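There are 2 protein chains.
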Amino acid sequence: MTSKQAAANTPSPISIAAKGYAVDSESTPFKLFNFERRMPAADDVVIRIHYCGICHSDIHQVYNEWHSSKYPMVPGHEITGVVEQVGSSVKGFRVGDHAGVGCMVDSCRKCATCKKDIEQVCGDLCLTYNSTELDKVTPTYGGYSNLITVKEHFVCKIPKNLPLDAAAPLLCAGITTYSPLRRYKVDKHTQLGIVGLGGLGHIGVKLGAAMGAHVTVISTSESKRDDAMKLGAKVFIVSKDDEQMKTVANSLDLIIDTVSAPHDVGPLLNLLKFEGVYCVVGAPTKPLEVGAFTLLMKRPTITGSGIGGMKETQEMLDFCGKHNITCDIEKIDATPETIKAAYDRTVKADVKYRFVLDILNAFK
Amino acid sequence: MTSKQAAANTPSPISIAAKGYAVDSESTPFKLFNFERRMPAADDVVIRIHYCGICHSDIHQVYNEWHSSKYPMVPGHEITGVVEQVGSSVKGFRVGDHAGVGCMVDSCRKCATCKKDIEQVCGDLCLTYNSTELDKVTPTYGGYSNLITVKEHFVCKIPKNLPLDAAAPLLCAGITTYSPLRRYKVDKHTQLGIVGLGGLGHIGVKLGAAMGAHVTVISTSESKRDDAMKLGAKVFIVSKDDEQMKTVANSLDLIIDTVSAPHDVGPLLNLLKFEGVYCVVGAPTKPLEVGAFTLLMKRPTITGSGIGGMKETQEMLDFCGKHNITCDIEKIDATPETIKAAYDRTVKADVKYRFVLDILNAFK
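Order-wise, the sequence lines are chains A and B.
1 is the number of the first residue of the first sequence in full-length UniProt numbering; add one for each residue after it.
1 is the number of the first residue of the second sequence in full-length UniProt numbering; add one for each residue after it.
Since the hints were made in silico from the structure, they are not lab data.
Any given hint might turn out to be false.
No copy is singled out in the list; a pair is fine if it fits within one copy or between any two copies.
[As the list claims (entries may be wrong)] Subject to a maximum C-alpha distance of 27 angstroms in a straight line, what follows is the list of computed DSS-like cross-link-like pairs (lysine-lysine): (1) K240 with K110; (2) K115 with K188; (3) K273 with K286; (4) K273 with K311; (5) K240 with K286; (6) K273 with K91.
Since the model is a prediction, treat every value here as computed from it, not as a measurement.
So that you can see chain A by itself, here it is in the shape it has in the complex:
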């Protein structure tokens, strides 16, 4: 084979120039990062990113707190924007459509869980950043950037009535709480507890209330009471107040625990009815500690849930469109300094309830 023949067999080398914000290590600041996105293959969609939410897991990854960080890293997996280009076989999107990308950009599509639309646990899952494409070599870069090329299967439609900025966190925080609410068939008969009123918790309250559940918010801080009730909760209790906790003991069908900080789940498990469900959606680095007697006497289902499959994510977005649900956000300019400041405030839980970066204006 001549070099000319080889060149003819090689896919077009032309790529799309992209820019974003990256960190080079766990201890260096964000900086402008020039890189390339692939030209769209037949089944690809290219999205001009308008907004990207700041998820607490971005912070864990940037600072290598999960000990699996790869650099340079462009974080961001709560992405909304507008379709700029589509591959030849793309059926579901047209240029100008509102589109979203969440935590994953590819999977094997062949395994048992992929076939069941639970792509998020595929062994070959390609995360949106700090991961690689299916070739296990090409790094993936996230949504703190102006453009992204993604397989159509992993792109969601954002209902036209939802603003792109406040819809962005639905792609992670939204689906993370929606999925277990559906898995455990929440409806008007459900006594639902939401532990923690942050990025995940506040949208969990909205979704649970929209499904008709009687929502109880359990928080460490009395200061969250008014917000909880405005978001749709019927009851608010402070977890450190034993008397308040007693009023809800043995009454909840399902608790969604959204807290990422280490915390004692023992008193929270007491709030469950016999055979109630306790679902962890936060990711504390310290293991949960569960007493054997609670397991023996309460017979709870203790489980967890991470994001959701693509079909369910679209279902969640359609549900939010129907009920006009978005996240409560603080929209901020996207610069290395503003991102750092937002991270510092997120770590202190000082945000109502999600920072969203104005990506479009940052890279104009």
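Fit chain B to the given chain A structure using the hints.
Only chain B this time, still in chain A's reference frame:
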């Protein structure tokens, strides 16, 4: 009211003289204990105890390891014997019947769980020992004794084909493993794991195999391999051997964890299929530690189970009668010294697989 009238209104004070072995504190040896059982009320059955199993929880209670012991204590809740007397309204038992009593002797019979035949979680539950009757005053004394008076509802029929000695541990170890096997609908399609091959584990293997499951035993000790296979397991793996553990990774539908000693459940959870069930039936004093990522990615049901309701206990005994299942036991004389020696060996897991006290001969 005169004292004569009062006496006329008081139930007959006549009681039944009973004897047993009791401890007076967590640090004193067993001694002969003379006490009284109530005369049978209309709905009572009096049983001449023939055999009583030694459950690991007897040891925890005698030594006050759960910090709730009351003395004097007559332990024992794996009781079999022969009906000696019945109250006037008793329908299900006749003098001479083979009968069994497990961990509980009364409950409110009115609450939601009692009505669902899950008496074991009733808030007013009366345990067979180290507890009180419904009056919250009268202490209950267990099966290391010659006679017991029990409400008919809490007495089980022992199938005639089962020997009373080897059937005794079914009343606790048997129902403790049977209940979750039924709750999670074990059948010939089930990949079942049993962690620990002791009193609970060995009967769990027999029951699971009789239900048609493909049973894998996970043990810390290679020395249990032959027994596991003889009891009905198809696969045996040593939990400390990473290579053996890998061969079973992500393959089990249900794991019953029978281990009472503190142990790391992380590697055991890895053996579950996606959304598999991990059910704790042992009672380690140290809490279980469960990593959040396992919960998020595996979406397991982590739960527990303690004994079972009366209806289910009878169902278990009938199942064992049909399949001719009893426990593998070491039958021993019942003296303060032999009980102490059996406790010491049980703590060292040096018993195949349950000690059963020969009560009838001890108190002849």
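Against the structure, the hints come out as follows:
1. For the homomeric pair K240 and K110, neither the shortest alpha-carbon distance inside one copy (47 angstroms) nor that between copies (33 angstroms) is at most 27 angstroms.
2. With identical chains, the CA atoms of K115 and K188 are at most 27 angstroms apart between copies only, with a shortest distance of 25 angstroms across copies and 31 angstroms within one.
3. In this homomeric assembly, K273 and K286 come within 27 angstroms of each other (Cα to Cα) both inside a single copy, at 26 angstroms, and across copies, at 23 angstroms.
4. In this homomeric assembly, K273 and K311 come within 27 angstroms of each other (Cα to Cα) only across copies, at 22 angstroms, whereas the closest approach inside a single copy is 31 angstroms.
5. With identical chains, the CA atoms of K240 and K286 are at most 27 angstroms apart both within one copy (20 angstroms) and between copies (23 angstroms).
6. In this assembly of identical chains, the alpha carbons of K273 and K91 never lie at most 27 angstroms apart, being 47 angstroms within a copy and 35 angstroms across copies at closest.
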